[in-house]
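Visitor: Chains as they are written, first to last, in the working numbering: chain A, 9 to 248; chain B, 21 to 612.
By construction, these hints were calculated from the structure, which means they are not laboratory data.
Capping the alpha-carbon separation at 25 Å, the derived lysine to aspartate or glutamate pairs in DMTMM-like fashion look like this:
id : chain 1 : residue 1 : chain 2 : residue 2
1  : A       : K210      : B       : E41
2  : B       : K283      : A       : E164
3  : A       : K42       : A       : E222
Far from chain B, by Cβ distances over 12 Å, these chain A residues were calculated:
id : residue
4  : G113
5  : R124
6  : F240
Computed Cβ-Cβ distance ranges for the label pairs, DEER-style:
id : chain 1 : residue 1 : chain 2 : residue 2 : range
7  : B       : G356      : A       : G92       : 48 to 56 Å
8  : B       : A529      : A       : F30       : 49 to 57 Å
9  : B       : W48       : A       : N43       : 38 to 46 Å
Even for Gly, the Cβ is constructed at its ideal location relative to N, Cα and C.
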Amino acid sequence: MSQVTQTETKAPLPLPEGVRGFASDWASDQRTFKNVSWGKAMMWIFLLSDTFVFGCFLLAYMTARMSTPVAWPNPSEVFALNIGGQEVPLILIAIMTFVLISSSGTMAMAVNYGYRRDRRKTAILMLLTALFGVMFVGMQAFEWTKLITEGVRPWENPWGAAQFGSTFFMITGFHGTHVTIGVIFLVIIARKVWRGDFDTEKRGFFTSRKGHYEIVEITGLYWHFVDLVWVFIFAFFYLW
Amino acid sequence: MVNIPSSIDDTIPAAEVEDVELYHSHSWWTTYVFSQDAKVIAIQYSLTAISIGLVALVLSWLMRLQLAFPGYFAFIDAEHYYQFITMHGMIMVIYLLTALFLGGFGNYLIPLMLGARDMVFPYANMLSYWLYLLAVLVLVAGFFAPGGPTGAGWTLYPPQAVLSGTPGGNDWGIILMLTSLILFIIGFTMGGLNYVVTVLQGRARGMTLMRMPLTIWGIFTATVMALLAFPALFVASVMMLFDRILGTSFFMPAIVEMGEQLKHGGGSPILFQHLFWFFGHPEVYIVALPAFGIVSDLISTHARKNIFGYRMMVWAIVVIGALSFVVWAHHMYVSGMNPKFGFFFATTTLIIAVPTAIKVYNWVLTLWRGDIHLTIPMLFALGFIVTFVNGGLTGLFLGNVVVDVPLSDTMFVVAHFHMVMGVAPIMVIFGAIYHWYPKITGRMLDETMGRIHFWVTFLGAYLIFFPMHYLGLLGAPRRYYELGETVVNPTSAHDLNIFITLMAWTVGAAQILFLFNAAWSLRRGKESGGNPWRATTLEWQTPTTPPPHGNWGKDLPVVYRWAYDYSVPGAPEDFIPQNQPDPERRSKEHST
Chain A
9 MSQVTQTETK APLPLPEGVR GFASDWASDQ RTFKNVSWGK AMMWIFLLSD TFVFGCFLLA
69 YMTARMSTPV AWPNPSEVFA LNIGGQEVPL ILIAIMTFVL ISSSGTMAMA VNYGYRRDRR
129 KTAILMLLTA LFGVMFVGMQ AFEWTKLITE GVRPWENPWG AAQFGSTFFM ITGFHGTHVT
189 IGVIFLVIIA RKVWRGDFDT EKRGFFTSRK GHYEIVEITG LYWHFVDLVW VFIFAFFYLW
Chain B
21 MVNIPSSIDD TIPAAEVEDV ELYHSHSWWT TYVFSQDAKV IAIQYSLTAI SIGLVALVLS
81 WLMRLQLAFP GYFAFIDAEH YYQFITMHGM IMVIYLLTAL FLGGFGNYLI PLMLGARDMV
141 FPYANMLSYW LYLLAVLVLV AGFFAPGGPT GAGWTLYPPQ AVLSGTPGGN DWGIILMLTS
201 LILFIIGFTM GGLNYVVTVL QGRARGMTLM RMPLTIWGIF TATVMALLAF PALFVASVMM
261 LFDRILGTSF FMPAIVEMGE QLKHGGGSPI LFQHLFWFFG HPEVYIVALP AFGIVSDLIS
321 THARKNIFGY RMMVWAIVVI GALSFVVWAH HMYVSGMNPK FGFFFATTTL IIAVPTAIKV
381 YNWVLTLWRG DIHLTIPMLF ALGFIVTFVN GGLTGLFLGN VVVDVPLSDT MFVVAHFHMV
441 MGVAPIMVIF GAIYHWYPKI TGRMLDETMG RIHFWVTFLG AYLIFFPMHY LGLLGAPRRY
501 YELGETVVNP TSAHDLNIFI TLMAWTVGAA QILFLFNAAW SLRRGKESGG NPWRATTLEW
561 QTPTTPPPHG NWGKDLPVVY RWAYDYSVPG APEDFIPQNQ PDPERRSKEH ST
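From just these sequences and the hints, can you work out the full model?
Guide: Put into structure tokens, the structure is as follows:
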């Protein structure tokens, strides 16, 4: 995606001492963040912006939950599965969380192998990450189906405040969309890695720019972010 | 051994990034329509924004007709009046000002002023424009949808925004409005990431952050703010869309409509106000900061003097940007939120006056004993300072809870924000167009037409909005379709309304002269050459004018100095371009 080459041929100019040096280092020419490529910088800033989106969603949910006059349904009962005649609270969510956190692990390994130019392992690990993502979305679909059959709708539910269904479908839906987009990107980039596009410097279909193995890491940043967001959704929605 | 630099280039750091390879267009379509060149995208953004802005201008004419001659024009009924208000406000704030400053000036100036070939992600930049165009089309579709566009007021407050009593409330209007906003935000994010990363990571050799022209500082800070503020509007739009389409109750309390209990219940209308103004107040500065930056450069260039207190100007921009995120609830003093919040938000609001005042003093001190050329960009810049001070002072009134409460929802508020957020930035936009038009087209705009345009616009704007303050103090409410023979309105107020309307039509008509000028000068204007204003910043030093795709030809510029070397004592000319090495320094370094 970007021109990430370090072509520094000379030592940089000496910096002034103390705070002034710190400031002029930050404000120095060409790049503020040395050795950070454009693509990576863009992803970090996008994630900051996306943090505000999820932050607003979660704050809106908390406001709704605190200000509604009707009682909030008990998450431990709503999100319980009947296994062997026994209600196990939050079991599905626990598995989903485990799967998603595991996918972060495989993603991190993919990044590592990517920088080692190990195409096969990188592609396999990325596809494995994507598979975990699909499993997560699949379990989410199962959970949605179960709740819908029990009568939960965005505008009402059998147990209490109508905002329960609204915020649940909206927030998990928005997060699920993020995971799905991540899966699509993982598959596309895994294919490029597998084909060796980043070794042959094949140009992108849309951007007509050369790709680099760094795109694996950039995709990884997005993926870890989506995982992190899930941790907050898990804490605020299911455990509260 | 003494390390003697062999050339002047050794005194600045070596290139850290290899030169960018640009996408080369190979057909008319990819050169002018689906272009990835930031300059073409900038022009596309600007033309679209100005076109939709003209629609909003016509809407304001129609509103003024109704206010001056209530009931006289049969086609302006109450519903239409509210639709005009809503669309006028939304178009002007978001689809004109935000898009023109960031999408238009941002795209054109960031790569050129920083010595870059293009934005860092040209393809995403192109998508940004097309999503913006789509958002505008969806917005315009509201005019043709059954029930017409939404008439909820530009703030779209629930619950009324989605109720049947409001035009478009239970029709297509509100749906199209919210969809358009969501599209705009997605498109803006693509462009905004480009602007931020280009400023941070794509500058020329020697272009340190503290050598950037203030224009770039303004646009950069505004873009960062937009990336953090638009999410709140995005979330609010999504939630209201669900309230309207799915019947959820995020913002809808239990409510009776036409004697019928609605299914909604338990939602929080104030939550929407918080989300909206968490976006809405930064939005004011998203528009103002680029204007601050551009006007600093205009004043410095046309007064032939370096900007006074450059560092303070930069820090003021950054501090204003940061503070503007903690003042949003001063729009909500009468909303019914906890009154204790009012104290906090009034304090933060008044603190913003400090960095803002620093900026105003520095502009004035830049002019002090400068070699002021009263060119048209300078006239507009001066017009901006005066207008901004005026609008800012009434802002101090409205920032205080006790003064705001009686003035809330009167014409005083309308006058205040039109002065500070309408007229002031528009002055800068005109100044900037007169200033950079020669770079974009290679020709000057006509001087005589420009002067007429300035004086009619400037004086007219005051004749429109000064009386409006008085109307507000009398108690004339805003957003009323018809004031009627109410106690608060003496007959003089009615005459004043007719006067304001006449002025509004005059100022609007003056803009036709401006458009004519822009079209006429395209072919017949005086040839400008590459640097007609004898300015220092990099965009005036391009090898050809207008700059080609890639901006700089074979070699990228190297920056040796800050952007404000005007009237330097001992220099052969009264300006030294940023990319001109310092001959004295060279000889000094060679002698060591």
